[in-house]
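The chain contents come next:
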Amino acid sequence: GGGGDTATQASQSAAPESSAPAAKGDGTLTLGTLLPQTGSLAYLGPPEFAGVDLALKEINEAGGVLGKPVTKYDTDSGDTTTNIASQSVDKLLAQKADAIIGAASSSVSESVIDKITGAGVVHFSPANTSDKFTTIADKGLYFRTAPPDQLQGRVLGDLVIADGNDTVAIMAMQDSYGTGLGDQVQKTVTDAGGQVVVRVDYDPKAADFSADIAKIKAANPKGIVLIGFEETAKVIGELVKQGMPASKHKWYMVDGNMSNDNFKGMPKGTLDGVKGTYPGAAASDEFREKLLEVNKDLADFTYAPESYDATNLIALAAEAAKSDAGVDIAAKLAEVSKGGEKCTNFKECVDLLKAGKDIDYDGVSGPVEFNDAGDPAVATIGIYQYGPDNTYPVKALEYRTGNIGG
Amino acid sequence: MHAETTANDRKAAATAVFKDMPREPGVPKPDPILVVDNVVRRFGGLTAVDVEHVEIQRGAITALIGPNGAGKTTFFNQLTGFDTADSGSWTFNGRAMNGVPPHKVARNGMVRTFQLTKALSRLTVIENMRLGAQRQKGENFWRALVPAFWTGQEDEITERADDLLRRFKLDAKREDFAGSLSGGQRKLLEMARALMVEPELVMLDEPMAGVNPALTQSLLGHVKDLREQGMTVLFVEHDMDMVRDISDWVIVMAQGTVIAEGPPSTIMSDERVVDAYLGAHHDAPLSDSELQAQLQDAEAELEAEIEEETQK
Amino acid sequence: MDWITILSTTIKSAVGVETVLYALAAIGINIHFGYTGLLNFGQAAFMAVAGYGLAVTVTVMGLPFWVGIIVGLVAAAVLALLLGIPTLHLRADYLAIVTIAGAEIIRLVFRSVAFKDIFGGSDGRRGFGTGFQELNPFPPGDYGFNLGPIPLFFAHWQLWVMLVGWVLIAVCCLIVYLVMKSPWGRVLKAIREDEDAVRSLGKNVFSYKMQSLVLGGVIGCLGGFIYGLAYGSVQPDVFGTETTFYLYTMVILGGAARVFGPVVGSMLFWVLLVLLNGTLSEAVAAGVITFIDANQAGALRYVFVGLGLILLLVFRPQGIFGDKREIAIDAR
Amino acid sequence: MRRAVIAFTAFLGGLVFLLAGPAHAGPADCQGLRGTLTFQGQPVNGAKIAVTTESGQPVEEVTTNAQGAWDVQVEQPGRFKVTLDTATLPQNVEIRGGNNVRTPTVYEGNCSSVLYALQAKGAAGQQQGDSGAGQSTFWAQAAQLTFEGLNLGLIIALAALGLSLIYGTTGLTNFAHGELVTLGAILTYMFNVGFGLHLIPAAVAGVILAGALGYGQDRFFWGQLRKRGTGTIAMMIISIGVAIFLRYIFLIFFSAQTESFAQYTAQPGIEIGPISAAPKNLVAMGIELAVLIVVGIALTRTRTGKAARAVADNPALAASSGINVDGVIRIVWTAGAAIAALAGVMLGLSQNLKYTMGQDILLLIFAGVTLGGLGTAFGALVGSLVVGLFIQVSTLWVPPELKSVGALAVLIIVLLVRPQGILGRRERIG
Amino acid sequence: MTAAEEPVQSKQAVTDRSAHLEGAADAVLRCDELIAGYLPGVNILNGADLYVKQGELIGIIGPNGAGKSTLLKAMFGLVTIRSGTVLLKGEDITNMKAHSLVSRGVGYVPQTNNVFPSLTIEENLEMGAFQVPGKFKERFEFVAELFPALKERRKQRAGSLSGGERQMVAMARALMTEPSVLLLDEPSAGLSPKLQDLVFIQAQQINKAGVTVIMVEQNARRCLQICHRGYVLDQGRNAYSGTGKQLANDPKVIELYLGTLAKA
Ligand SMILES: Nc1ncnc2c1ncn2[C@@H]1O[C@H](COP(=O)(O)OP(=O)(O)OP(=O)(O)O)[C@@H](O)[C@H]1O
Ligand SMILES: Nc1ncnc2c1ncn2[C@@H]1O[C@H](COP(=O)(O)OP(=O)(O)OP(=O)(O)O)[C@@H](O)[C@H]1O
Ligand SMILES: CC(C)C[C@H](N)C(=O)O
Ligand SMILES: [Mg+2]
Ligand SMILES: [Mg+2]
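Residue numbers (the numbering used here), protein chains in the order written: chain A, 1 to 406; chain B, 407 to 718; chain C, 719 to 1050; chain D, 1051 to 1480; chain E, 1481 to 1744.
Pulled out of the complex, with its shape left as it was, chain A reads as follows (with noise of 0.2 Å):
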């Protein structure tokens, strides 16, 4: 049966047909959080909320923005197959948002993407992957922090081959970012030497995965890619039932399921030396303790910074534009993030901005330098290994960082 909300579209829907209204700025800067607290992402959840609320901490603590504090809203995105996302959209708008973060999961953020840039307001995510973003029609308004999926798939993939894996299955969730990032992974195991043999792109819906799993195990792979949310803990469930265990066959995991919470409850070693890939340089340690201060019970750290940059850019283009209206910010957002006096928090930069002088944001997920479709040029890619407690480390085994076209 359908999902728990499918008749819950509430009353203002925004026509992807009309045209961004002009620029109506109030004076307030009005951040709104489209992050997941239900649903199948919701254990990232917590480390996006506290990177933006630190910022915001600070920026804040600053000054504010324009003069005044800033003010946020949190609301939550749900997954795809609920539509909470529209309902929250629609809340934040009525709120005056001017620029929203999120979605998490590339496909909510496409769902309501048109509804928010059709409203004129930023639409920032900082963990949608999926590469379709680049390319979608967005009226310059859609930014992310996050690097699109053809990094972490070039890593992933090339992680795969230097492991030795000649035959690899691909367990892919079904939506854009599950199928994007796989394909990017197929492509560079096959390009490198390596073959798939099987590839299932699955149904995160599903009640059960033995059939998928099934088709996998026919196949005898020696690596597992394992892209999905948090019904990977039920895939797992499934491999080690069918008697193909990380012991025995190697696995990779993604940014969407690697998680320190998750396989808590799984017999020990159950994870053990599986190897996994997500977004963002090495954080320091002082930004974790600051996130811990924010949130005590952080388990995962995952885009935490991208969500705390893109907070702060957000402000720093309402800086620059003078402006606190979504449209003026979007105009400043790619100014801020490249060309100009380095500086790495928001003073330092809100200073030099004040100063005159043009400034390059640099953040603690990597330099962030915006593209014309609104994309991090560079960025960095962890290579995370677990440990037999189920749990990986903070410290990456390796960071590569690279250019996202090449």
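The hints are simulated quantities; they were obtained by calculation from the structure and are not laboratory data. Be careful, since some hints might not be right.
Said to hold, decoys possible - With the C-beta cut set under 7 Å, the calculated list includes, among others, these residues of chain B facing chain E: (1) Val441; (2) His459; (3) Pro473; (4) Asn474; (5) Ser493; (6) Ser495; (7) Ser588; (8) Gly590; (9) Pro619; (10) Ala620; (11) His644; (12) Tyr683; (13) Gly685.
Given the structure is predicted, the values throughout are model-derived calculations rather than measurements. Just so you know, even glycine gets a beta-carbon here, dropped at the ideal spot from N, CA and C.
Given the coordinates of chain A, work out where chains B, C, D and E with the ligands should sit on it, guided by the hints.
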């Protein structure tokens, strides 16, 4: 209504036809409306119907009698297409009817009622009646959209329906839901509704079971009228008074086969029929003395039993 | 608590696009279930094929908008035939299950990876509403009025969808009214009561059921169009069984087998839902209600929907317009 | 001799590699192609590898070192062609798949790995005999899927039994049955994770509590409705209301996350012939089968069972025969809810818990019940097994995400041929 | 019913309730001024009175829709009584549940829907002996002797039986227990003449054995022949009452309710 003479004509005609007819199963009739050949219906090991040959005379009232479970209702089901016969064929007005779906059978002029009534509960009695009418213009979707097409016909139908309701003593219930009728009233509605179809052959399955005798009597008059109007009636009934009163010809079924045919007066004394079906009170209603005798028998038996019990 | 906003959204929802599209689909259900007794639990599929018919025609095949509408209508009619042929011989309860199954098959195919290139997988299709909005006679802007302090405004494109929708509702109600008081409608109602009896009276039951299924399906599919046009997108999961269940709720709420039942039912449903949603989430935000958080407030209103449906059927089983006598007749 | 040398150097190399490992960490100053050739775990030394640009311009030619590794640095990133000279491989070795050309891409500031999988020449059979191997893997997969089908089918059957009991006795098509399944799982979860009970006693407690709630449901709700003379269709719609009501209550208390029980999650499978199964599945299937058989027999053989069927047929007549109709229905509700709860526990055990878990399989439950013939207990078992098997086994041919489509299509087809279901009986007419 | 057929004032007409009150003094089962109905606001029974003494056989006749079945159902707790009382051996059983009446020794055969269609004949009969399962074997033999057809078909589902066969099952089911009061609603309807005889004889026999019987019949003449006393019910009220003979020979009753067909 019809003139007295015509009425007697039909009755007389029927009597004349049957007068010298041989009294054997499957006997050919001069003007059969329905001819049945080798109809067989089995349920698992049980052969419910196995009729070799039967003809129903046009314009007459034929009774179909037989013990419980003889296969009468099943036979009706086969003929009207509600159940598929294992084999066999039958013609109605010379047209082969096997394999024809029920609604087509009805449209061809052969309408049946159900022993276990089928009232259309949440339709009013009058709507039940109106439904029976055939060739209604308003039953086509597109014409239904334009009331002008069908209101005239609807009025005619209603008039006819009201007429029947009055005869069947249901006029007081006209606007009530059919679901609120009593058992006997349902029987009446069932029959009245079938007559709305104006069929050539009406097949009534125990129409009077559960109907008050006084009303039965007046309805029999109506059935006779139907014959006068040229309708053929085939009915199943266990009420021998009724069979005797109105039927021109009687067919007897037992264990799926037709065991005897004949006019009511003689068939009631047919030995096989008495054995299989009628039991003690065959040719006349039980008189008081007979009843008394029966009772005494029973009492004696009972006493014997009691004695036995006590002796134990 | 922001009562102005709550009231404004609530009042607007009484005539808003959700009300319109659910009302249309519910009118279809009413023909099926209310009048003919067909327990069609696959109404969402009719909406889906219409929405997708339009979407795929426009986005994938690149044909104009009106071709999409035709494709959607034809798809709905074909679906009715396909669904009807195997199911209409079945008993009511079997029919219910089979129609759910049929609808789910359609939803699963629409969301499947295998047909992603056509139907867009679980993300669905978007960007096909331009043709419709080009016909919009209202120049861009907001239209409406202030009811005291309460602003009641709709954007031009919303207004256009609503206008078309309400005209469709009016036409459908007229058709239902005309047809159900005619002998044609009588046959349907009789079929609802006992098919065999109707057969014995010479009516082609199968044909009537099929006509009913097609009529209700096509009317229901209009709801699918309105959905697609109002949201500019279609997603498979919107057309799940739950949607059909809500449609039934509306039909029963208004009163089954009543011309305006589904329309009033849909209006009430959305008014209550939006009102509850507004009040609850505002109450949580304003700290009036502390024992649940904002997400739980969203769930809570569905708890109330369920509760409302139960209480309604318990205390007013005939719905708003229904006839108590009719309910009291034991259909068994 | 030579072998020993190779082995030794490999060992040394490995050592060096291990030691050098950390050097790889951090942004390696590397822009080019690299790879390692190994054969049966041993490095392959001296194999020639030629790297050209995509258009064929030679870049560099290298030979693998003692560790089997090779490395080519390039100046310009881009797509390259890498060719392994098969003649330089040891005699008994060949490239798996035969193709010795690779076309990797080098990205700025990054090295890309290139892989040549090597195999013994004789082992070509592995490659050629693919069709034979394919056959046997096909059957292995079919066997595994059959097992999965039975596993799922039995869970569905259990849930279906509960539904069928209640339907069979009260005529209620209970759309809230899925929620009864969820309820069992969530209650058990509460005892298990919330109160820290081991899963087995927690399940017992959960099932008992669910049974009690089933009793309460009938006593205070459905029973009252019956008393008011609520019709079956109305009841069915009411059950939709109950389903929505319960589901969102679960959402509020359980939240929308997927959870698992504290014990037996990701239990490793054991191999039994061609199939591999977790012990928990086997135990669960045993319990399911036992419950199904016991209840099925109870229904046809015991007095209460027969009374339940009598009540189903005609409550008024049952009462006239001296059957305590409400009592019987209450027993059925209790048992039905408890069985549904047990199904929920089993489902949670094999698929994890979610507030929609019951709703998600409700359609399959209905399909099972319908396929078997409404209101017959053994029909529900047979129908559900068919559904379960079809769902899983059909994935041999259809994409897994469409697996329910197959089962539902079968439902429709079977009903076309047998409108009364597999074990159902036709009604008499007239 | 038209106005002309309103209960006629004759010597038997029950206008005052004195006769009833007098007779009912030592009755086993008595109903007083019952008012009952199905739909809200519509009464089907409008103050019906009835009593049966120990060992009596009572017949109830009347036109279709008079409320005869409703009266039986009301006594047996299947229709809610809106006012009035039903007493069984002095105990007030108004609106008591049917199954508890069964345990008090009351048996009932409904007019329609009187078998369990999905149960076999044997199981149907088993249900008849639900409260005394130990007696099943013995009673089954007894019933099987009465209706040999049933014994042959014991494994057949009642739903596939013919109308008359069902009626036999229904009757047999009621005979499975040995009730002290038996309510029969048109037990002979749909049966062949032979079996109709059997039913009437059985009714009498049971009655002779000490069972109190109340019988609703449209086979009115036969019913009045065997019963000790009869009631004519019309429009939910007693129209006439008297001994069977009295009623059977009352010209008014004959004209309005019995008809002359059988005499003809
Ligand atoms: N669907 C069925 N399955 C099995 N047996 C059946 C079925 N329908 C009828 N029978 C059997 O076939 C026989 C004939 O039944 P039918 O209803 O035709 O009898 P009938 O002559 O109408 O009897 P009655 O006078 O009692 O109505 C009966 O013994 C009945 O049990
Ligand atoms: N379930 C019901 N719902 C509503 N009204 C009913 C119901 N059953 C019977 N009635 C009404 O009650 C009145 C009396 O019905 P009842 O069945 O008692 O009649 P009866 O005397 O037994 O008639 P019959 O001889 O035809 O069986 C009828 O007019 C009928 O319309
Ligand atoms: C939070 C992330 C796992 C989201 C994912 N990168 C996506 O784009 O869908
Ligand atoms: Mg019969
Ligand atoms: Mg009666």
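**OP:** Grab the minimum C-beta distance from Val441(B) to chain E and call the hint holds if it beats 7 Å, violated otherwise.
**Re:** With a minimum Cβ separation of about 25 Å from chain E (threshold 7 Å), the hint on Val441(B) is violated.
**OP:** Please verify that hint: Gly685(B), Cβ, nearest Cβ of chain E, below 7 Å or not.
**Re:** Gly685(B) check passes; min Cβ-Cβ to chain E is 3 Å, inside 7 Å.
Subject >> Hint validity - Pro473(B) Cβ closer than 7 Å to any chain E Cβ >> reply: With Cβ-Cβ at 5 Å, under 7 Å, it holds.
**OP:** Return the status of the interface hint for Tyr683(B): holds when the least beta-carbon distance to chain E is below 7 Å, violated otherwise.
**Re:** Holds, because the Cβ-Cβ distance from Tyr683(B) to chain E comes to roughly 5 Å (cut-off 7 Å).
Subject >> Status of the hint placing Ser495(B) at chain E (closest C-beta pair under 7 Å) >> reply: With a closest approach of 24 Å, the Ser495(B) hint is violated.
Original post:
Does the interface hint hold: is Ser493(B) within less than 7 Å of chain E, judged Cβ to Cβ?
Top reply: violated, 20 Å
Subject >> Restraint outcome when His459(B) is required to lie within 7 Å of chain E by C-beta distance >> reply: Where the cut-off is 7 Å and the nearest Cβ of chain E is about 23 Å from His459(B), the hint is violated.
**OP:** Identify whether the interface hint at His644(B) stands, where standing means a beta carbon of chain E within less than 7 Å of its own.
**Re:** holds, 5 Å
Original post:
Should the interface hint for Ser588(B) be scored as holding, given a Cβ-Cβ cut-off of 7 Å against chain E?
Top reply: holds, 4 Å
Subject >> Minimum beta-carbon distance criterion (7 Å), Pro619(B) to chain E >> reply: Holds, about 4 Å.
Original post:
Is the interface hint for Asn474(B) satisfied, with its Cβ closer than 7 Å to some Cβ of chain E?
Top reply: This hint holds: Asn474(B) lies near chain E, its Cβ roughly 3 Å from the closest one there, short of 7 Å.
**OP:** Have a go at the Ala620(B) hint: is there a Cβ in chain E nearer than 7 Å to its own Cβ?
**Re:** Where the cut-off is 7 Å and the nearest Cβ of chain E is about 4 Å from Ala620(B), the hint holds.
Consistency note: the structure conflicts with the earlier hints numbered 1, 2, 5, 6.
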